[in-house]
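Use the sequences and the hints to build the structure in full.
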Amino acid sequence: MKKRLSSLFAIGLALGAALDLSAAKKEVNLFGWSEYVPQDVLDKFEEETGIKVNYETYASNEEMLSKLLGGAAEFDLVQPSEYVVEALVKAGKLEEIDFANVPNMKNVGAEFLHQPHDPQQKYSVPYMAGTVGIVVNTEKVKEPIAGMADVFSGKYAGRIVTLNDNREILTWALRTLGRDINDISPAAAAAARPVLTKWLPQIKVYDSDSPKTSLLNGDVDIGVVWSGEAAILFNEDKKFAYVLPKEGAHLWIDSLVIPKGAPHKADAEKFINFILRPDISVLISNAFPYTNPNLEARKLLAPEQLANPASFPSPAKLESFHDIGKSAALVDKLITDLKGGS
Amino acid sequence: MSAPRASTDNSAGAKRDPRGIGWLLLTPLLGWLGLFVVLPTAILFVYSFCQRDELGQVVFSFTWSNYARIFDPVYLGIFGRSLWYAGLTTALCLAIGYPVAYFIGRSPPSRRSTLLLLVMIPFWISFLLRTYAWISLLKGEGLISSLLQGMRLLTGPLDILYTPTAVIIGLVYTYLPFMILPIFTSAEKLDNSMIEAALDLGATPVRAFTQVILPLTKPGIFAGVLLVFVPSIGMFAVTDLMGGARVPMIGNVIQNQFGQARDWPFGAALGITFLALFAITFWFLHDRGEVRR
Amino acid sequence: MARVHALFGGWTVLVLLFFYAPIVFLVAYSFNSSRLNVVWEGFTLKWYALLWRDNRLLAALENSLVVAVAATALSVVLGTTAAWLLHRYRYRGVRTISTLAFIPMVVPEIIMGISLLVFFKSVDVGLGYGTVIIAHTTFCFPFVMAAVQARLVGLDPSLEEAALDLGATPLKAFWHVIVPYLMPGIVSGALMAFALSMDELIVTYFTSSSASATLPLRIYGMAKVGLNPMINALSTIFIVATIVLLLASEWVKRIRR
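Which chain is which? The protein sequence lines are A, B and C, in order. What the first sequence shows, in my numbering, is residues 1 to 342, in sequence order. What the second sequence shows, in my numbering, is residues 1 to 293, in sequence order. What the third sequence shows, in my numbering, is residues 1 to 257, in sequence order.
For the record, the hints were derived by calculation from the structure and aren't laboratory data. Just so you know, even glycine gets a beta-carbon here, dropped at the ideal spot from N, CA and C. Among the hints, a few may not be true.
Derived pair list, reagent style DSBU-like, types lysine-lysine, alpha-carbon separation capped at 30 Å [said to hold, decoys possible]:
| hint | chain 1 | residue 1 | chain 2 | residue 2 |
| --- | --- | --- | --- | --- |
| 1 | C | Lys224 | A | Lys44 |
| 2 | A | Lys260 | C | Lys121 |
| 3 | A | Lys333 | C | Lys224 |
| 4 | C | Lys224 | A | Lys140 |
Computed far set for chain A versus chain C, every beta-carbon distance over 12 Å [said to hold, decoys possible]:
| hint | residue |
| --- | --- |
| 5 | Leu30 |
| 6 | Glu46 |
| 7 | Lys52 |
| 8 | Ala87 |
| 9 | Asn107 |
| 10 | Glu143 |
| 11 | Gly147 |
| 12 | Tyr156 |
| 13 | Glu304 |
| 14 | Glu319 |
| 15 | Leu338 |
Rough simulated footprint, nothing fancy, chain B against chain C, three-plus residues with beta-carbon under 8 Å [said to hold, decoys possible]:
| hint | stretch |
| --- | --- |
| 16 | 61 to 68 |
| 17 | 80 to 93 |
| 18 | 99 to 105 |
| 19 | 188 to 197 |
Here it is as structure tokens:
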């Protein structure tokens with residue numbers, strides 16, 4: 001009798017933990033990039049609305065897709081980049097946002113709306129935009145760096161950090177070859193292979209979470225990183241210069257989207273509206289100085305922030321990614337093979 | 001009071017015939033094992049023959065391509081490297097840990113429990129935190145680097161972090177207690193009189209060690225080797241943090257397939273292969289390690 | 001032999017230094033007001049204050065404790081009954097059952113992690129507290145089972161017989177006679193299970209959600225983003241708690257004798 005009771009107790013404990021902790025609170029599950037949503041913004045949201053935000057992170061779009069589509073986890077908000085929004089829309093995986101709940105949408109600059117990935121602006125709300133470029137520790141690197149060929153010339157082997165992002169890495173090679181970055185065919189992969197075989201062994205650290213760390217630590221001197229990371233480095237020490245490669249760079253827009261079947265859609269829309277408030281958007285820009293698409297928020301930024309060359313770069317050759325469909329497998333396979341070989 | 005020798009030898013109080021009730025009572029265990037051990041492995045096996053679509057979801061169409069890809073020199077190389085690092089880690093743990101385990105095992109009881117406690121404390125502190133401590137210590141502008149440069153033993157900043165050396169240091173540091181504890185258990189049970197007898201018969205300490213002590217502590221050694229070798233192959237966290245995602249061991253590659261590379265079937269194939277390798281290693285060590293009663 | 005013993009003793013001291021140097025360093029720098037963990041810039045408690053206010057970490061700690069307690073409880077039930085039943089009854093295929101039961105203990109965690117992930121995905125079970133607790137229980141219970149089995153070796157079979165002769169049902173005999181005897185094994189197994197669950201990263205990585213993220217997961221995320229003295233502060237608290245717990249259990253053990 002007692003034995004059965006104690007078993008029941010134990011199972012009850014387990015179930016109780018499972019049910020109790022998930023059902024009772026009002027909450028919203030945010031699946032976002034790491035180093036992208038400041039904790040004080042989440043805390044403020046909870047203070048004002050009573051809704052708790054569970055923030056889980058990823059460091060690449062592909063990792064996000066893997067968990068979003070593969071695992072059975074239920075997210076209310078995700079932050080895909082433009083080409084992934086395109087893929088998700090095509091696959092019918094997103095909810096249409098009810099913009100009656102998001103009046104602050106008017107704060108977003110027109111140049112960020114009606115992009116190819118969401119032409120009718122039905123599924124996404126721009127969160128932050130930015131570029132992927134080269135950051136140079138000018139105290140250690142005296143020669144001018146103009147593009148990827150200079151980074152991987154061999155002089156800085158073992159002193160380089162790059163993003164841990166398969167698609168990004170491949171496009172850097174494709175651009176130096178003068179190829180279309182959105183045409184990922186077996187021929188393109190084959191052309192990129194020898195270039196990458198030469199480049200990858202020179203990379204000391206792959207880091208998409210916080211590439212600034214190894215630069216700040218002095219473990220590397222050059223990085224190919226997100227513009228916001230470069231902006232933080234520039235704020236930390238003016239010796240970190242940001243260079244957009246002359247052959248072209250990736251201009252990305254990350255948007256907030258709501259996956260189909262999200263359990264807390266209305267609360268998610270509340271969160272989106274909250275983020276679009278100029279005072280909240282400024283908090284995000286303070287912590288993560290990317291290119292803020294919220295024009296009302298930009299009016300509140302300090303002159304040094306607006307002058308940061310990584311946050312608000314001068315015009316350069318920039319292009320966005322498009323969804324490449326089945327070729328994504330090619331990209332992953334190529335980089336996995338090449339990384340393993342080093 | 002003498003206790004019965006082994007729990008399987010129950011001739012005194014005979015083991016009962018299970019009949020219905022015995023099997024009924026065992027169903028929770030069997031059910032749990034079936035549902036959470038056997039079935040998941042079977043599903044993993046099935047997945048290893050599947051394919052992925054453009055969004056990275058699993059498609060149930062049969063293919064050998066995942067296993068074929070494993071025989072690509074790249075992946076054979078990764079398996080080889082993982083086995084090599086795990087082997088190196090195990091060898092280092094054994095070399096470093098054996099004397100410690102032996103010393104503690106042969107110490108007088110009062111000192112023994114204190115020493116054991118000292119070894120256990122790091123074991124109980126999260127391995128992540130301990131690995132993190134090493135990152136701080138090993139980085140180019142860190143403490144060890146400054147010390148060594150100050151002592152003129154280094155001309156430039158220390159360049160160990162994000163190299164295989166750092167990974168090995170991290171792994172050894174994580175798994176050393178797992179080697180020490182089983183060997184300690186074996187060493188503690190050693191009969192002093194056997195060692196004394198060997199010495200009395202004229203053996204040098206070295207011979208006494210290699211011919212008597214070492215063989216008698218074999219069960220502990222094999223347990224330690226198993227507890228270190230196997231987990232260190234799949235330990236992607238340490239290689240990630242200490243190796244800068246640059247020292248791919250099989251654990252990292254598998255984890256990557258379920259993450260950024262979005263190729264669950266390939267990850268499953270790698271997993272099944274790893275499992276097969278592990279089963280073979282286990283069989284080998286288990287048979288060798290058994291002390292015949 | 002005495003010389004060998006002394007040599008090994010010296011070696012042990014060196015190894016212990018190797019063990020504790022990083023730990024001492026961690027603790028020391030948790031009080032360093034500089035963020036970069038190199039130069040000592042002054043004593044401060046601010047990292048501890050920040051830690052106390054970090055809701056995500058505290059939530060993760062809460063999750064870890066909930067999961068550990070639940071997994072330990074389930075492991076104790078599963079492991080103890082398994083050990084007892086295998087000891088008491090002559091099952092056909094006992095070697096297979098025994099091997100199967102010990103597989104989770106020995107198999108590489110990453111295999112367990114991915115196999116459970118694909119399993120939960122196949123049966124469409126959402127990842128969360130339930131899945132993490134199941135995962136932890138699965139690899140913890142063999143430890144309880146092993147500890148209880150070790151204790152069963154010394155069990156006098158006439159003990160149960162005596163209870164039965166005195167009119168107890170097998171169930172009562174188990175609960176009132178056997179279990180108290182097994183208690184040291186159960187306790188040591190339970191402590192092992194608890195410790196393993198609290199420190200588990202790899203299987204949890206594949207089977208949890210953001211709401212149920214445990215402390216090791218959070219720390220891993222933090223460590224990947226870079227060095228942070230808050231982690232030092234957290235480590236110090238862990239270390240102190242561990243030492244206190246271990247000393248307490250040693251003290252209890254000595255009193256019992």
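Hint by hint, here is what the structure shows:
Restraint check for Lys224(C) and Lys44(A): satisfied, since their Cα atoms lie roughly 26 Å apart, inside the 30 Å limit. Using a Cα cut-off of 30 Å, the hinted pair Lys260(A) and Lys121(C) holds, with the two alpha carbons roughly 17 Å apart. The suggested pairing of Lys333(A) with Lys224(C) holds, with an alpha-carbon distance near 24 Å, which does not exceed 30 Å. Using a Cα cut-off of 30 Å, the hinted pair Lys224(C) and Lys140(A) holds, with the two alpha carbons roughly 25 Å apart.
Leu30(A), annotated as away from the interface, has a beta carbon of chain C within 12 Å; the closest lies near 8 Å. With a closest Cβ-Cβ approach of about 9 Å to chain C, Glu46(A) is found to fall inside the 12 Å limit, against its non-interface label. At roughly 9 Å from the closest C-beta of chain C, the C-beta of Lys52(A) falls inside 12 Å, breaking its exclusion from the interface. With 12 Å as the threshold on Cβ separation, the claim that Ala87(A) sits away from chain C holds: the shortest Cβ distance comes to roughly 20 Å.
At the 12 Å boundary, the C-beta of Asn107(A) stays outside the reach of chain C, the nearest C-beta of that chain being 28 Å off. For Glu143(A), the requirement that its beta carbon stay farther than 12 Å from each beta carbon of chain C is met, with the minimum near 28 Å. The beta carbon of Gly147(A) is kept farther than 12 Å from every beta carbon of chain C, the shortest such distance being approximately 28 Å. Annotated as non-interface, Tyr156(A) keeps its C-beta farther than 12 Å from every C-beta of chain C; the closest such distance is 22 Å.
Every C-beta of chain C lies more than 12 Å from that of Glu304(A), the closest at about 21 Å, which supports listing it as non-interface. Against chain C, the non-interface label of Glu319(A) holds: every CB pair exceeds 12 Å, the least being about 29 Å. Annotated as non-interface, Leu338(A) keeps its C-beta farther than 12 Å from every C-beta of chain C; the closest such distance is 22 Å. Look at the stretch 61 to 68 of chain C against chain B: 0 of its residues bring a Cβ nearer than 8 Å to a Cβ of that chain, fewer than three, so the hint is violated.
For a cut-off of 8 Å, the count of residues in the stretch 80 to 93 of chain C with a CB near a CB of chain B stands at 8, and the three-residue condition holds. Judged by the Cβ-Cβ criterion of 8 Å, the stretch 99 to 105 of chain C is covered by chain B as claimed, because 4 of its residues qualify and three suffice. With a cut-off of 8 Å between beta carbons, the stretch 188 to 197 of chain C has 1 residues touching chain B; three or more are needed, and the interface restraint is violated.
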